[in-house]
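S.K.: Quick mapping for you: the protein sequence lines, in order, are chains A and B. For reference, each letter of the first sequence is one residue, going 1 to 287 in the UniProt record's numbering. For reference, each letter of the second sequence is one residue, going 1 to 312 in the UniProt record's numbering.
Worth flagging that the hints you see were computed from the coordinates, not collected in a lab. Cβ atoms here follow ideal geometry from the backbone N, Cα and C, with glycine treated the same way. Heads up, a few of these hints could be off.
[Claimed, not checked] Simulated pairs of lysine-lysine, DSBU-like, Cα-Cα distance not exceeding 35 Å:
no. : chain 1 : residue 1 : chain 2 : residue 2
1   : B       : K48       : A       : K58
2   : B       : K48       : A       : K47
3   : B       : K48       : B       : K297
4   : B       : K257      : B       : K297
5   : B       : K43       : A       : K12
6   : A       : K12       : B       : K257
[Claimed, not checked] Which stretches of chain A does chain B cover? Using the computed rule of at least three CB atoms under 8 Å from a CB of chain B, they are:
no. : stretch
7   : 167-174
8   : 244-250
[As the list claims (entries may be wrong)] If you want the ones that stay clear, here's a sample from chain A, every Cβ over 10 Å from chain B, calculated:
no. : residue
9   : S27
10  : F37
11  : Q103
12  : T198
13  : V253
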Amino acid sequence: MSERLAVNKTYKLFIGGAFPRSESGRSYVVTSSKGDFLANAARASRKDARDAVAAARKAFPGWSRATAYNRGQILYRIAEMLEGRRAQFVAEITAMGGVGVKQAGEMVDAAVDRLVWYAGWSDKIGAVLGSANPVAGPYFNLSSPEPSGVVAVVAPQGPLLGLVSVIAPVIVTGNTCVVVACERAPLPAITLAEVLATSDLPGGVVNILTGSAAEIAPWLAGHMDVNGIDLTGADPELAVTCEELAAENLKRVLRPPAAPVNWLADPGIERMTAFLETKTVWHPIGV
Amino acid sequence: MTTPLAEVASSPSTLRAFLHGLPGVDRVGADARAAMLGTRSIKTTAKKQAIDLAIGMVDLTTLEGADTPGKIRAMCAKAVRPDPADASVPPVAAVCVYPDLVATAVEALAGSGVKVASVATSFPSGRSSLEVKVAETSLAVAAGASEIDMVIDRGAFLAGDYLKVYEEIVATKHACADAHLKVILETGELATYDNVRRASWLAMIAGADFIKTSTGKVSPAATLPVTLVMLEAVRDFMAATGRKVGVKPAGGIRTTKDAIKYLVLVNETAGPDWLHADWFRLGASSLLNDLLMQRQKMATGRYAGPDYFTLD
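Isolated chain A (complex conformation) (with noise of 0.2 Å):
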């Protein structure tokens, strides 16, 4: 008998809750810190981006408009399925080289972790930020956050952590996220995917583009419907290209940290204050 073939995975994009190949046709080669051959990766194009801002302006309606209890159930639930592929994880990540089997295997659990905290926040972020405010009249006057609409997310270098916790404070208050993956390390982040398309994540909540976010990022920070863009993975030219095209119509724009942040510590409420707009109701107080 011949010695059996091995069967390898082919990373594709992630857009509306599908897997496609880049309209371009293109990919390119991702290796380890060593230079070692690692797998191909699909090199998203523009088009790939337009595709992506679709799904999730599509998947927004629904997604904004699920209860609060429904998303941080659905967080939780990702962070189930992360748990369960968490030795693949383990395993993609080592082999990128610069970390060992210990410090991945606390990376994933923290990225695990990270799900479950914002998952809690669902349906607490609106006490926290809403009001009951005082006016001088017979009315309620009552303000609440609400989601942005599609946001646009240059996600930062490193391969899981770190795209984690900048794609959950994003879906988890409503809004729906195009995320252009680190050049580097974008299988991880595709594997990724794959974990949200089984964690009853509807379609096009979040969509992941592997390749250049030199490349990509300026199409999206300049579309009229993307509603607002995080930029912490983004260099500082383009970060500055891509905060001069998202005036066009007034984005909300994270800016990039100006230091190296660490992931491990405890996020704060920032990442999704950054994606919230607060609506303010007047009502008559009845009899």
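Given the coordinates of chain A, assemble chain B onto it according to the supplied hints.
M.R.: Frame of chain A, contents of chain B only:
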């Protein structure tokens, strides 16, 4: 052809013999040809030209039970000036409404050059007596409609009663007077491409100025292969009689990409002579916004968003 076209409708048997004597459509071939033409790449300046051509060919349509005079007026304003921020966008070809709203549309479009089309003959099912259908057509024409979109009696057609369908089209054409008559074949209910070819010829012999794929109320509505078969029919009819008939796919055309595929199909099947709003129309509502968004993308270099265009 053994029988001159003028005489084929002299009896049920000659009409039947003529329609069934038309060559059959190679279904696989038609599908493959339409799919192949759909892969043509139309970019940059050609795309710009195609978008403006397509905008000028749109029959901006609203055929809902919930249509109000206010909605018709809003749609007419959009028909004349599709993008309020950009005067270089051409107006659409026509608006298409139910007969009772024709007068509102005529008033709103006075002097603009945009035509008013009205559906008639018990749209969309066509299930009524000939008297009612003719009366409805006359009323729509009297109200000012310059184009009438009639539906054929699919029940009679499928039962093989071609002469009844023929006579209804002739009677409606007569009631139209100077108004253009578009005959809706409702290809989604005709089952085969052979039937589409027969219905196309039947409508053209009976005097149709346009043949139209669908009402938009039945799925599938317009498809590329069905439009291909109809374009072949108008081309062959032109060759046989010298009379030029237009084609209007309607329903399900929502994106610029789809619209451009239809333009390619027209150019490659009937020929460039048909690439004009007088001979080819696109029945659509949401398509117009996508055309405008693509047009803006080409002008500004950034992807456009639906928030910046009117809803209709």
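S.K.: Taking the hints in turn, state whether each one holds.
M.R.: Evaluation of the provided hints:
Under the criterion of a C-alpha separation no larger than 35 Å, the hint pairing K48/B with K58/A is consistent with the structure, at around 27 Å. With a C-alpha separation of about 18 Å, the suggested pairing of K48/B with K47/A holds against the 35 Å cut-off. In summary, the hint linking K48/B to K297/B is supported, as the alpha carbons are separated by about 10 Å, within the 35 Å threshold. The suggested pairing of K257/B with K297/B holds, with an alpha-carbon distance near 14 Å, which does not exceed 35 Å.
In summary, the hint linking K43/B to K12/A is supported, as the alpha carbons are separated by about 27 Å, within the 35 Å threshold. At roughly 24 Å between alpha-carbon atoms, K12/A and K257/B fall within 35 Å of each other, so this suggested pair holds. With 0 residues carrying a beta carbon less than 8 Å from a beta carbon of chain B, the stretch 167-174 of chain A misses the three-residue requirement, and the given coverage is violated. Counting residues of the stretch 244-250 of chain A whose C-beta sits closer than 8 Å to any C-beta of chain B gives 3, which meets the bar of three, so the coverage hint holds.
With a cut of 10 Å on Cβ distances, S27/A stays outside the contact zone with chain B, its closest approach being about 21 Å. The claim that F37/A is not at the interface with chain B holds, since no C-beta of that chain comes within 10 Å of its own (minimum 33 Å). Distance check on Q103/A: its Cβ is at least 40 Å (rounded) from any Cβ of chain B, clearing the 10 Å threshold; non-interface status holds. With a least beta-carbon separation of about 30 Å from chain B, T198/A lies farther than 10 Å from that chain, consistent with its non-interface assignment.
The claim that V253/A is not at the interface with chain B holds, since no C-beta of that chain comes within 10 Å of its own (minimum 16 Å).
In summary, the one numbered hint that this structure violates is 7.
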